[in-house]
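Could you build all of it, start to finish, from the sequences and the hints given here?
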Amino acid sequence: MGINFRKETFRDDFTFRNSPEFVRRFPFPFHEDAYMYAVNIEPHVPGPEGSVLENLIDVDEHYVAEMEDRALVLAEDPLRCQSLPHMTLAGWDLLELLMTEQANGYPEHFSLSRDGDRWRWINRPLGIDDTFTFGDVSTLPYGPMEYITRQSQGDFCILDQRDGNLWMDAGMVTTQADWSLDFDIGMNFFEWHAPVPLAHEKGIFTRALKFLTNIQQGKPARRLNWTMTINPRLDTSPENYHKWGTDRMTVTPENVGDKVHLRVELQSFWRLPRSNALVFPIRCYLIKMDELVTSPKWARRLHRVLRDLPQELADYKGLTRYRPTVVEWLSKHDDGAPTSAGFGPD
Amino acid sequence: MPAQTIKSRPVYGTLSPQAGKSHLFVADAEGGSAILDLARQAPEGFFGAAHIMFIPGRTGDSLLAALKALKPAQYYEGPSIAAAIPRLKQTLATAHMGLRIYLSGTEGLIGQAMQAALESGIDHTSIQTEHRGSLARRVQCVHCKGITEDVTTQPATCAHCGLLLLVRDHYSRRIAAFQGVCINAEDPTEIPQKEEMFR
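Chains A and B supply the protein sequences, listed in that same order. Taking the working numbering, the leading residue of the first sequence gets 1, the next gets one more, and so forth. Taking the working numbering, the leading residue of the second sequence gets 1, the next gets one more, and so forth.
Don't read these hints as lab results, they were simulated from the structure. Hints are supplied without guarantee of correctness; some may be wrong.
[Stated by the list, open to error] Here are the computed lysine-lysine pairs in the DSSO-like style, where the Cα-Cα straight-line distance is at most 30 angstroms:
| no. | chain 1 | residue 1 | chain 2 | residue 2 |
| --- | --- | --- | --- | --- |
| 1 | B | LYS68 | A | LYS317 |
| 2 | A | LYS317 | A | LYS332 |
| 3 | A | LYS317 | B | LYS194 |
[Stated by the list, open to error] Listing some non-contacts, in silico: residues in chain B with all C-beta distances to chain A over 12 angstroms:
| no. | residue |
| --- | --- |
| 4 | GLY20 |
| 5 | GLU44 |
| 6 | GLY45 |
| 7 | ALA69 |
| 8 | LYS71 |
| 9 | ALA95 |
| 10 | LEU135 |
| 11 | ALA136 |
| 12 | HIS143 |
| 13 | ASP187 |
| 14 | PRO188 |
The structure presented is a predicted model; accordingly, all values stated were derived computationally and were not measured. The C-beta atom is built at its ideal place from N, Cα and C for all residues, glycine as well.
Here it is, written out as structure tokens:
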């Protein structure tokens with residue numbers, strides 16, 4: 001049984017929504033009724049059947065629509081996909097990883113066959129059937145990173161490891177929470193995280209870097225991050241902030257349920273075999289407030305997290321203008337009952 | 001001297017003579033006096049293997065005689081940073097092992113000379129830098145990608161697309177610029193007053 005891919009948009013008329021079973025599998029990011037930064041990294045091992053962790057590279061009902069949105073972003077702004085010259089080998093590593101994981105996890109939709117360096121890749125949802133020579137850029141219509149990330153949900157950052165640091169030297173970034181690959185490319189781990197408040201002082205990045213530089217091949221890790229987005233817009237880039245920023249003024253008590261979305265990033269971290277680079281897939285999941293409150297536990301908990309969020313974090317995440325309206329709306333779904341431990345919807 | 005506010009914001013030191021076969025100085029305006037201060041501690045014959053590239057800017061003629069009196073092997077005076085960049089790139093492209101680089105003056109000068117050095121494969125940590133003079137910033141508009149030079153106000157108007165930009169401390173060595181992000185994107189009717197922040 002395959003996935004029923006939705007026809008939907010992440011711009012203009014915003015027809016994105018989650019089917020009920022996809023609401024239940026949403027990766028809700030709060031394990032308790034409060035939030036503060038932590039190095040919340042854990043091994044990226046398969047999770048329960050039907051969860052977003054069933055396969056380590058998750059493909060869902062939004063796949064085709066997300067790939068269409070990515071193609072639109074790249075046509076408008078090719079700088080969203082960049083790779084410094086020394087990163088081509090890592091691009092091939094990523095192509096192998098994503099083809100292998102998608103073909104293993106979803107054989108009804110993807111298949112990969114290899115005859116030495118001659119590879120055949122079939123992507124049925126996107127109607128692609130290409131044969132190419134692994135390692136020979138001239139046999140693909142794009143560089144290897146761009147080719148495969150035009151066919152994989154989520155943003156991808158490839159990090160070179162040298163001098164005990166990680167360097168943002170390649171990426172495909174079209175669904176980002178307000179950071180610019182074009183500006184940050186070439187920066188090290190501390191530099192590209194420089195604008196994040198509070199976490200440097202807590203030593204978060206020093207510890208995270210130590211952990212990440214020790215990641216071994218075949219032992220990926222993951223963490224969740226979150227923010228909120230008005231309208232189900234994937235491309236909330238700083239490049240287009242002057243176009244979408246006004247969305248944040250449009251939240252009213254009447255439209256919170258449909259317009260306000262919790263945006264969760266499932267970030268995973270993988271060592272690549274040939275290049276010794278790390279790749280960070282940053283997979284974005286959106287859920288409307290109307291969808292989220294179908295779980296009473298999630299509704300209570302998100303209300304408490306948002307209400308008590310430190311102001312610096314609210315400012316950094318861009319929630320300041322509409323937070324009071326959303327907290328007020330959510331308060332009607334919070335009867336004050338205790339919530340159970342853990343992420344699940346109950 | 002600019003303080004380190006966030007981790008991407010460059011910090012600068014004080015020039016001091018390094019052991020090396022040859023020495024390349026690139027300076028603008030008050031940055032010229034950093035070369036003169038270094039010269040006081042330099043060993044005999046140090047400037048015999050030195051190339052000074054100087055853009056006098058607002059210091060006019062005041063430092064020229066003293067710099068020439070150091071008797072560098074090569075001396076260049078340029079009218080602007082942009083005019084000096086082709087010569088700098090050529091110098092870096094033909095440089096040999098053992099070249100030491102010293103940058104002093106405005107952040108725009110240090111940043112653009114460092115950018116040229118990075119492009120020729122020189123590690124940024126091996127370059128000596130000293131900030132002197134104006135705190136004016138080079139700012140890249142994240143929206144249109146145009147770079148506005150000598151920004152002294154917060155917010156600042158993008159010289160290319162005209163958006164009103166919040167000048168952040170977030171800095172890219174590769175672009176040699178601070179990041180500018182539209183300050184009133186959420187409510188374009190808010191027009192914050194400009195203040196002289198980076199003089």
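Each hint tested on the structure:
1. B:LYS68 - A:LYS317: With a Cα-Cα distance of about 53 angstroms, the restraint between LYS68 (chain B) and LYS317 (chain A) is violated, given a limit of 30 angstroms.
2. A:LYS317 - A:LYS332: 24 angstroms, holds
3. A:LYS317 - B:LYS194: Measuring from Cα to Cα gives roughly 25 angstroms; hence the hint holds.
4. GLY20: 22 angstroms, holds
5. GLU44: Its Cβ never comes within 12 angstroms of chain A, the nearest being 36 angstroms, so this holds.
6. GLY45: Holds, since 34 angstroms exceeds 12 angstroms.
7. ALA69: 40 angstroms, holds
8. LYS71: 38 angstroms, holds
9. ALA95: Holds, because the least Cβ-Cβ distance between ALA95 (chain B) and chain A comes to about 21 angstroms, which exceeds 12 angstroms.
10. LEU135: 19 angstroms, holds
11. ALA136: 20 angstroms, holds
12. HIS143: 6 angstroms, violated
13. ASP187: The claim breaks: ASP187 (chain B) does not keep its Cβ more than 12 angstroms from every Cβ of chain A (closest is about 6 angstroms).
14. PRO188: Label violated. Min Cβ-Cβ 7 angstroms, cutoff 12 angstroms.
Hints 1, 12, 13 and 14, counting from the list given before, are not met by this structure.
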